[in-house]
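> So you can see what is in the structure, the chains are spelled out below.
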Amino acid sequence: MSTLFKNRLINLVWIAVTLAFAAVVFFPYYWMFASALEGSSIYQFPPNLWPAEPNLDSFWTVITGNQVPVWMKNSFFVASTVSLFCAVISINGAYALSRFKTGATRFFTGIILFTQMLPAALIVVPLFVIFQQLGLYDSLTGVSIALTSFILPVSTWLLKGFFDQIPVEIEQQAMIDGCSRLGAFYRVTLPLALPGLVVVIVLGFIAGWDEFFLARTLTASQDNWVLAVGLTSFQGEYTIEWNEMMAAAVIFTMPALFFFMFVQRYLVAGLAAGGVKD
Amino acid sequence: MAQVKVSDLKKAYGATEVLHNVSLVVEDGQFVALVGPSGCGKSTMLRMIAGLESITGGEIEIGDDVVNDMQPKDRDIAMVFQNYALYPNKTVKNNMAFPLRMNRVPRDQIEKKVAEVAEILGLTEYLGRYPKQLSGGQRQRVAMGRAIVRDPKVFLFDEPLSNLDAKLRVKMRAEIKELHQRLKTTTIFVTHDQVEAMTMADKIVVMRDGNLEQFGDPLELYDSPANKFVASFIGSPAMNFLEGKVEGKKGGLTFVTAAGLTFPVPDKYAAIAGQSVTLGIRPEHIEMEGEGSDGAVPITVSVVEPTGSEAAFVLRSGPDELVAVKRGRSNFAPGSTVWIRPEPDNMHFFGADEQAIVPAA
Ligand SMILES: Nc1ncnc2c1ncn2[C@@H]1O[C@H](COP(=O)(O)OP(=O)(O)O)[C@@H](O)[C@H]1O
Ligand SMILES: [Mg+2]
Chain A
1 MSTLFKNRLI NLVWIAVTLA FAAVVFFPYY WMFASALEGS SIYQFPPNLW
51 PAEPNLDSFW TVITGNQVPV WMKNSFFVAS TVSLFCAVIS INGAYALSRF
101 KTGATRFFTG IILFTQMLPA ALIVVPLFVI FQQLGLYDSL TGVSIALTSF
151 ILPVSTWLLK GFFDQIPVEI EQQAMIDGCS RLGAFYRVTL PLALPGLVVV
201 IVLGFIAGWD EFFLARTLTA SQDNWVLAVG LTSFQGEYTI EWNEMMAAAV
251 IFTMPALFFF MFVQRYLVAG LAAGGVKD
Chain B
279 MAQVKVSDLK KAYGATEVLH NVSLVVEDGQ FVALVGPSGC GKSTMLRMIA
329 GLESITGGEI EIGDDVVNDM QPKDRDIAMV FQNYALYPNK TVKNNMAFPL
379 RMNRVPRDQI EKKVAEVAEI LGLTEYLGRY PKQLSGGQRQ RVAMGRAIVR
429 DPKVFLFDEP LSNLDAKLRV KMRAEIKELH QRLKTTTIFV THDQVEAMTM
479 ADKIVVMRDG NLEQFGDPLE LYDSPANKFV ASFIGSPAMN FLEGKVEGKK
529 GGLTFVTAAG LTFPVPDKYA AIAGQSVTLG IRPEHIEMEG EGSDGAVPIT
579 VSVVEPTGSE AAFVLRSGPD ELVAVKRGRS NFAPGSTVWI RPEPDNMHFF
629 GADEQAIVPA A
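Sequence order for the protein chains is A and B.
Residue 278 is where the first sequence ends in the numbering used here, and the numbering goes up by one at each step.
Residue 639 is where the second sequence ends in the numbering used here, and the numbering goes up by one at each step.
Next up, chain B with everything else stripped away, as it sits in the complex (with noise of 0.2 Å):
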């Protein structure tokens, strides 16, 4: 076990920069998720991590060691690939065992040790299979298999869900994460599904670009995210967005739209009156009502999506649209006109550089 220490991590290929000076600390025994839209540079850091590409400029240290110039296989770490890599002319056990061999470890703790990671993800009937005769959720098994019967200090994961169907998906997310809650091995798992790593992780970093956006707990994430693309990239269904301009002064403060859709801003936010801003609102945090009370704006229905549990909402008013969710049944209409008032506590504001604007405490 050990913490991972990224240090101005900058990678190039040729002249084209793909990641700018990352930092970041990955604490022993944590699970980081790095997401992040495809192309972001999230498999490119772990791959560096894992020493399988050279590194343009910045630190890596795993443990105490700078591991820059040490070779993968002296890293003490373990990588689950997104198409698994198992190695096709090797069964099962074999392929478990091929770590335990090449780091010499004696025969008969190879075969106690594979047989109890096959007992703990449900291989052992597998163990005589190649991996052309299994189903592309135990070939997953099996890759996770090879990855802990080492016990290494840290483990690396690229998308290693995303070629499964969604149930199943599912499924893994729960077995990974009980296994990392026993093993407690520092890991780091890379996914572009948002889901996955709110769900999973102890903490989240955020990607775009190849810069680092946010890194912190997921509901910190969710809660105050640092800018747009953040607020915009966790929560589902995402973060709605309107602009427009805050008037008003303190005690009356308003946020309104260009085509005059009006809300009332708390007063902590009296520091950006007169400012055009970006409101941000997530579709659970935007009251419903059938009937006018104080403070509600009319807006019309235009889509009803119910899914059973709950049902999200298109609203408009003139050209803006919002999507609002509320739990349990309700018998709004396409067409008809609802009052909404979005919870003062968790309305969020981002400036021009997209930037979120604290507010006054």
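Chain A on its own, in the form it takes in the complex (with noise of 0.2 Å):
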């Protein structure tokens, strides 16, 4: 064999392999878009891997009934407090973490980190007991705030590593270009790390919006549910209604993927700039 066919040989096996792949990742997407579509005609076995008769009676049923759109609006605030929470906050433990190097800072630095090693189910319990003595039970707010609390951590040291990056003399410079040094944080320091801001803002928006554990525990009422936690409902004890599930998961989706393709190009930026030096 010639080393020109190998390569191509080569070549198309890895582009087989990873056709196999995203077909298996896709799948699932394809077959809950085309259950959304069928229709009534979804209770038939063998399943048609095509509609039989594509509709969209069931997104019309979804979003005309009066629970999806309020749990919708309940994911969107859920999903864009935990988002502002957690960089506004973010922002500015961030940046103390990365400038001000301290024995304090240096300990909360992996003080941090020690909380991700607590599974959300460990704490879930005296977290709906304080909730509760606070007020916080079954409203929205309180969600917000408890996945706050899980997600910060993880969006606070994304943003020190973009902060690290950025060479502490820019900073100075401004300060001696004359801003004070909150300015020099706010005019040139976070402008410059505007990839890892959108970075922490999605990540913050998606983790939100999917957000179920919190969201079944924190609160009660069919009013205060979000969207993953309506979801759920569509399983009833006798019967589950397949097609309008289904219809409401892919609205469920729909956010996220917008958001991603929007904010990719800042994704790819971000995530590589680990490892690029300049």
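Don't take each hint at face value.
Claimed, not checked - Capping the alpha-carbon separation at 25 Å, the derived lysine to any residue pairs in SDA-like fashion look like this:
| no. | chain 1 | residue 1 | chain 2 | residue 2 |
| --- | --- | --- | --- | --- |
| 1 | A | LYS101 | B | GLY292 |
| 2 | B | LYS368 | A | ASN92 |
| 3 | B | LYS481 | B | TYR500 |
| 4 | A | LYS101 | B | THR334 |
| 5 | B | LYS368 | A | GLY183 |
| 6 | B | LYS368 | A | ARG99 |
| 7 | B | LYS410 | A | ARG265 |
| 8 | A | LYS101 | B | LEU330 |
| 9 | A | LYS101 | B | ASP347 |
| 10 | B | LYS283 | B | HIS470 |
Stated by the list, open to error - Which bits of chain A does chain B cover? Going by a derived footprint, with three or more residues having C-beta under 8 Å, they are:
| no. | segment |
| --- | --- |
| 11 | 10 to 17 |
| 12 | 158 to 170 |
| 13 | 188 to 198 |
Treat the hints as calculated values from the structure; they're not laboratory data.
Cβ coordinates follow ideal geometry from the N, Cα and C atoms, glycine included.
Once you've looked at the hints, go ahead and assemble the two chains, each given alone in its own frame, into the complex.
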């Protein structure tokens, strides 16, 4: 075999493996979408790979129902507040951890990571009790606060990494050039850490949008459910409205999809920033 | 413009003191070089003057103000960092305009000033570029430009040339010196390169381990170093040092090493007769001859290092080693014997405490 042929063969195999992998990842999404379009013909066996009578009825039912829109609004509230809290707090926290190297900040840098070792299930019961006493039980604000405490350590670490890569001299130059310390941070350092900030915002939003466990535990009334919790209610005691559930699921995945598409550029730049030396 | 006065300046990181009671006055319009080996505290001192490091003890005055508790932005200084610290997301023009904008200079004046400085530094055609689209030398100029647009009281430079290649460094050296002669702004220039310090500065501060070793004119440091450290640090190739003893008495004083190498010593050093001392003699202050004559000492040539305009000779006599430099061409081959004579007026003696021994007038 010539090397050229061999290389080509390797390429082909490689492409085939990648395609197979993509298919495995993609199929559930396709299945979800197909089922949502299927309508009432979904209860056939064997199932259709392609919907027999594709229609948007289930989407219509879900959207015009009086529950899914409320849950969506709730999810959106939780997602955006978690995203906002995490961004605002981690900007300041990460900056402090990156720039003020004292014993105390070193200690906190370490201990922040430690919180990541505790599984949510372990602290959800105490959290439940505390939130009840604080009057935050069964409120979306409560869910946002609880979730923020889980996501914040990650976003702080992430952003600290970005700040660490910005030479401190650039900021000091800004201070000499006429900025206060805070001014130098907001005018010079933060804009340079923008890719990191975008990553943190997206991370917070998606984590908030996806959240199930804390939302399920800390809310009770249906009006306070988020979409992820609401989705499970399609699974009734005797029947499962597969097509409607799948339609709601499609709607559920949309924001994450759009968000990723929108910020992909930043994400790639952000994730690559660690390995590139300018 | 202003003078900078540093009094009893101290800096400690935790329990370690890295700057010990340094005092000096940089006069208005002077170009002072801060020189010393890496880690001796040059950057620390400069950064304290800039207001980027807290002051552990002592006082810094810029102009008539004690600036100890003043923020960097209020000190009216400009600084160029070793890595230039350009704003990567701003164009050359906006990099240079930034300090003016921060100080609320009217827009049309900013335009004018930036254009003027860009012209001086030859940056006009690069104004629209970003720092990453520039060569190292151009970035260095932008950093200089950003410093000079402001017309500050003091320039602070922290090894601004050390990231340039040797040729460009020599060119920028001359340019900065020329710029200073034109602007006459008080300048403190940190470098670890004594040649840079000697060629550029009006006055030089030599530092070692957080101490000020000597502060003076370049030639003063060269001609009368206060101690062995300054003597060895200033000048290239470095000064030769020989351990030995001064013997004899007035009219016949000699310096003798343990191995017996002997040089005549001028009478003004009669006071140290009988003492163990270190003789310091610069390579360019050793006369070499091919034949013996009165007072000359024979020694073996062991290595010859020609550079074209001059040649350095490593000379050996037993365990004693000396480097001598001779201008022009000479045909002393390795292994041959030459006769040397240290210039009597350029001999330096250092006591056991490494301080220079001052001869009688
Ligand atoms: N942030 C710091 N913490 C502890 N020690 C420091 C710090 N910055 C500098 N030093 C110490 O202070 C000394 C002087 O450093 P520096 O001023 O940077 O030297 P130079 O610029 O002359 O090379 C060095 O011994 C260095 O290790
Ligand atoms: Mg330094």
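> If a hint holds in the structure, say so; if it does not, say that too.
Here is what the structure says about each hint:
The suggested pairing of A/LYS101 with B/GLY292 holds, with an alpha-carbon distance near 12 Å, which does not exceed 25 Å. For a cut-off of 25 Å, the pair hint linking B/LYS368 to A/ASN92 stands: about 24 Å separates their Cα positions. Restraint check for B/LYS481 and B/TYR500: the C-alpha separation of about 12 Å stays at or below 25 Å, so the hint holds. A threshold of 25 Å between alpha carbons decides the hint, and for A/LYS101 with B/THR334 the separation of about 18 Å falls inside it, so the pair holds.
Restraint check: the Cα-Cα separation between B/LYS368 and A/GLY183 comes to about 16 Å, which is no more than 25 Å; the hinted pair holds. At roughly 23 Å between alpha-carbon atoms, B/LYS368 and A/ARG99 fall within 25 Å of each other, so this suggested pair holds. Pair hint B/LYS410 plus A/ARG265 holds up; C-alpha atoms about 20 Å apart against a cutoff of 25 Å. Of the pairs offered as hints, the one joining A/LYS101 and B/LEU330 holds, with about 15 Å between alpha carbons and a cut-off of 25 Å not exceeded.
Proximity of A/LYS101 to B/ASP347 is assessed by CA-CA distance (about 21 Å); at most 25 Å being required, the pair is judged to hold. The straight-line distance between the Cα atoms of B/LYS283 and B/HIS470 is roughly 22 Å, inside the 25 Å bound, and the hint therefore holds. Counting residues of the segment 10 to 17 of chain A whose CB lies closer than 8 Å to any CB of chain B gives 0, which falls below the minimum of 3, so the coverage claim is violated. Interface restraint, the segment 158 to 170 of chain A with chain B: holds (3 residues with C-beta to C-beta distance below 8 Å; minimum three).
As drawn, the segment 188 to 198 of chain A meets chain B at 3 residues by the rule of a beta-carbon pair under 8 Å; at three or more, the given contact holds.
Violation of the numbered hints given earlier is confined to hint 11; every other hint is satisfied by the structure.
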